[in-house]
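Trainee: Just need the whole structure built from these sequences, with the hints factored in.
Read top to bottom, the protein sequences are chains A and B. Each residue of the first sequence is one higher than the one before, starting from 357 at the first, in this note's numbering. Each residue of the second sequence is one higher than the one before, starting from 68 at the first, in this note's numbering.
In case anyone wonders, no lab produced these hints; they're calculated from the structure. By construction, the Cβ of each residue, glycine as well, lies at the ideal position given by its N, Cα and C atoms. Certain hints may be false.
[Stated by the list, open to error] Restricting the straight-line Cα-Cα distance to at most 30 Å, the calculated cross-link-like pairs of lysine-lysine (BS3-like) are:
| # | chain 1 | residue 1 | chain 2 | residue 2 |
| --- | --- | --- | --- | --- |
| 1 | B | Lys177 | A | Lys367 |
| 2 | B | Lys177 | B | Lys124 |
| 3 | B | Lys177 | B | Lys137 |
| 4 | B | Lys177 | A | Lys413 |
| 5 | A | Lys370 | A | Lys413 |
| 6 | B | Lys177 | B | Lys123 |
[What the hints assert, rightly or not] The following residues of chain A were derived to be distant from chain B, with all beta-carbon distances above 12 Å:
| # | residue |
| --- | --- |
| 7 | Gly359 |
| 8 | Asp374 |
| 9 | Ser387 |
| 10 | Glu408 |
| 11 | Phe421 |
| 12 | Glu441 |
| 13 | Tyr462 |
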Amino acid sequence: GAGVSQSPRYKVAKRGQDVALRCDPISGHVSLFWYQQALGQGPEFLTYFQNEAQLDKSGLPSDRFFAERPEGSVSTLKIQRTQQEDSAVYLCASSLSRGTQANYGYTFGSGTRLTVV
Amino acid sequence: TQLLEQSPQFLSIQEGENLTVYCNSSSVFSSLQWYRQEPGEGPVLLVTVVTGGEVKKLKRLTFQFGDARKDSSLHITAAQPGDTGLYLCAGAGITSGTYKYIFGTGTRLKVLA
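Mentor: Laid out in structure tokens, this is it:
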């Protein structure tokens, strides 16, 4: 596609519910990133894929968070047993470049705003 | 852990005023990017600075990379309401022991008409 597409745009989950957030990167982009952004703050790194390989998941806050990119294109971020502290905007970004150097920046989707009640 | 600290955190100014946003780190970056983010949208890349001392201009926005490549600034001349948004610097560096792309703490700018 022309840009990075994320769905849903908004998600309200009851505490304890599982959620799945989808990211469609730009076609042909090798690298895909997930970030978590609290209101008014800068995005915080969650995880990084190069094609289908998850090369860095050091930012995932707990084992309730899981991400996959099985065919090297679409990615899903899954959060199990959601907690109120999981409420945030989840951003996906993709890049034509390999690795995290990103001298030319990343292209971001519009994000999914998750609210856990 | 490598951090990017931005200042000020919040800025509210009148249309036509000038302003400068700062992005500082104790570590060297090979490049830094500046993004602007509007409510409900993802960050949009404005510029990349690569060379120490480099100055880039984008209409009324002037970006500078420090000589030592540890800091950067964004200067806006004659701010307009359309400049309102969250400004973020970002770069690749070491955080929590691994090399990753990190964002600054953000500067929220509001330009009043």
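Trainee: Of the numbered hints stated previously, which ones are contradicted by the structure, given in increasing order?
Mentor: Of the numbered hints, 4, 7, 9 and 13 do not hold.
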